[in-house]
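J.: Chains as they are written, first to last, in the numbering used here: chain A, 2 to 351; chain B, 29 to 364.
Derived by calculation from the structure, the hints in this document are not laboratory data. Do not rely on the hints blindly, as some may be mistaken.
Under the rule of at most 20 Å between Cα atoms (straight-line distance), these lysine to aspartate or glutamate pairs were calculated in the EDC-like manner [said to hold, decoys possible]:
#1 Lys219/B / Asp202/B
#2 Lys334/A / Asp281/B
#3 Lys333/A / Asp202/B
#4 Lys333/A / Asp363/B
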Amino acid sequence: MVQCLAPDGSVVREDLLPEPEIRLDLYRQMRRARHFDERGWVLYRQGRLGVFPPFGGMEASQVGTAAALTKDDWLFPTYRDTGAALTLGLPIARTLAYWRTSPHGWHMPADLKVLPFYIPIATQYPQAVGAALAERRQGTRNVAMAFIGDGGSSEGDFHEALNFAGALNAPCVFILQNNGWAISVPTRTQTRATDLSRRADGYGIPGVRVDGNDALATYHVTREAVDRARNGGGPTLIETVTYRVKPHTVADDPSRYRSEADTAGWDAKDPVTRLRTHLLNAGLMTEASEAALLAEIAAEFEAALAEADSYPEPTPAEILDHVFAEPTPQLKKQRAEILAEHAQDQKEQA
Amino acid sequence: MTATATPPTGTKNMTMVAAINDALDIALAADDTVHIFGEDVGVMGGVFRATDGLQAKHGEGRVFDTPLAEAAIVGMGIGMGLAGLKPIAEIQFAGFLYPALDQILSHLGRYRHRTRSRYHLPMVIRAPYGGGVHTPEQHADSPEAILAHTPGVKVVIPSTPADAKGLLLSAINDPDPVFFFEAIKLYRSVKEDVPVGDYRVPIGKARIVTQGDDVTVICYGGMVEVAQKAAAAAQAAGIGVEVIDLRTLVPMDTDTIITSVAKTGRAIIVTEAPRTAGFHSEIAAVIAEEAIEHLRAPIVRVTGYDAPYPPFTAVEDVYRPNPLRVAKAIRQVMDY
Chain A
2 MVQCLAPDGS VVREDLLPEP EIRLDLYRQM RRARHFDERG WVLYRQGRLG VFPPFGGMEA
62 SQVGTAAALT KDDWLFPTYR DTGAALTLGL PIARTLAYWR TSPHGWHMPA DLKVLPFYIP
122 IATQYPQAVG AALAERRQGT RNVAMAFIGD GGSSEGDFHE ALNFAGALNA PCVFILQNNG
182 WAISVPTRTQ TRATDLSRRA DGYGIPGVRV DGNDALATYH VTREAVDRAR NGGGPTLIET
242 VTYRVKPHTV ADDPSRYRSE ADTAGWDAKD PVTRLRTHLL NAGLMTEASE AALLAEIAAE
302 FEAALAEADS YPEPTPAEIL DHVFAEPTPQ LKKQRAEILA EHAQDQKEQA
Chain B
29 MTATATPPTG TKNMTMVAAI NDALDIALAA DDTVHIFGED VGVMGGVFRA TDGLQAKHGE
89 GRVFDTPLAE AAIVGMGIGM GLAGLKPIAE IQFAGFLYPA LDQILSHLGR YRHRTRSRYH
149 LPMVIRAPYG GGVHTPEQHA DSPEAILAHT PGVKVVIPST PADAKGLLLS AINDPDPVFF
209 FEAIKLYRSV KEDVPVGDYR VPIGKARIVT QGDDVTVICY GGMVEVAQKA AAAAQAAGIG
269 VEVIDLRTLV PMDTDTIITS VAKTGRAIIV TEAPRTAGFH SEIAAVIAEE AIEHLRAPIV
329 RVTGYDAPYP PFTAVEDVYR PNPLRVAKAI RQVMDY
């Protein structure tokens, strides 16, 4: 398993250390992600956010990998990959809107190829293969990155996509975040395999196992995989070994399927603390500069929250928008029905 | 085979499979983003030869074989469509479409909606469907109702060579995903004059095959020739049968159906799909909603049965509607 920093923040692989600016940027992105996750819980309890899947503890797995992309690359995230999407540049306000179940969260910025969070499991893997192939067909060096969890690696789409990507030499980077749980099912129930990165062997593509709580290590192996894909070397499967410290969603009760002891050991491996210790020890950050960073991140989030608050609620007929380029006669008729019903309701309420 | 240079006018006599090949050839030549892929479509030219010669002519980058996996064929096509290509996937038989249903139901039909039109999928999925040619198990299914019930995808089923060409070129140029079902029975059994060049038939407009004042028979794809035979026999007995070839299930041309039923007062729907919850039930419901006051007899469905399509050659014709069953339905509504 590739590791750059030990859990205590000491350097175990000097040769894998990225440049100082990159290390600082990874820390900034992890802090932004964690802030979103922590504020998200509060907002949920206040009724200002819908049910969302927390990802606290998995920041290195998401940020270190997504940071290896540029804005011309594709990102296919699962519902738990808010941290990855934020890292590539998905605006916080849009992300909040998505988890508020607002259509404004479905408006993706035009300068970004981040797909909406995928709810079905592993379906985005074959799609990433297609996007990657299309980029190559159009003569670019852009790559596609797709995420799943350990549970997703049981799905047929996972295996079909790895096989397609290898056979067709698609510039794809597959991130398999092994976070220990598929809702209540532990990885050991999910599969008899103990090293999921070796599944790549079956498809003739490289597989890499990395400490998923070490942002410098995830960044290093993902940069290598992205560079290989850009240069025509084909796909890579990266297993990030991490842990879902938090519940499956904010509405989930993990005490039904795991003990606190299961989780306790992982707090000591916290990815944010690990990089923080390293940056302080290396003299790249001081407590004062960190405090300034945290204040900046908090201000950015509150501004985004205000923006999300300003998005208007959808109107009833909007549910029929964007089905086809041109609405069918059937959709036009149904729109008229909704409008008439809504007008009637409003009349009765008045 | 495909014409290398396409004159601007005129027709050419061809089978349905040749007309489909012609349409694909024209689309590949006209637009660099068009890509054709699937199992056996490249070197071999498809098990029905619908893509014959296209790889040799347009290159392995544009027409290529994939590994054998329907979910990934459709999923990969979705990714290609997202990234600016026009994917045309072939599913070897419609009965093999089922592994790909998650990609279709969860994504293909919803991409425009869930990205508020930031992304759309101009993808065409071609699939041979239907019975009548004694195929092995699983090869003769008619799963069109599953797709028609999926928001965000269009469903087109031609019944003639000219329509196959014209509708396929419309499908390829449509901004939204289109399922294009091709009746295996019709691939080589019919020949007709097909307009050369970029010939289009609009999606969403039914075709009145025969005109008549007494009974409306609504059908599509492989059932059109069956209905036509029954209509000809009825005509000889003095009953006027209006056969409507729906051509497109989504969007459905409701106006043509209602206008005809308002005239005849009798409606029969013919499909080879299983009876329960088929697309024929949707047609019946629309007639009941919009034309019930014109009906002089109950609506009759002539369909397959609620059993898997039988590969038993000796009795296949019991399952698949034939002209006699349609003729019986015509008598039934006339005698009511």
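J.: Look at each hint and say if it fits the structure.
T.: Now the hints, each set against the structure:
1. Taken as a hint, the Lys219/B and Asp202/B pair is broken in the structure, with Cα atoms around 26 Å apart against an allowance of 20 Å.
2. A distance of roughly 13 Å separates the Cα atoms of Lys334/A and Asp281/B; the hinted pair therefore holds under the 20 Å criterion.
3. The straight-line distance between the Cα atoms of Lys333/A and Asp202/B is roughly 19 Å, inside the 20 Å bound, and the hint therefore holds.
4. Restraint check: the Cα-Cα separation between Lys333/A and Asp363/B comes to about 38 Å, which exceeds 20 Å; the hinted pair is violated.
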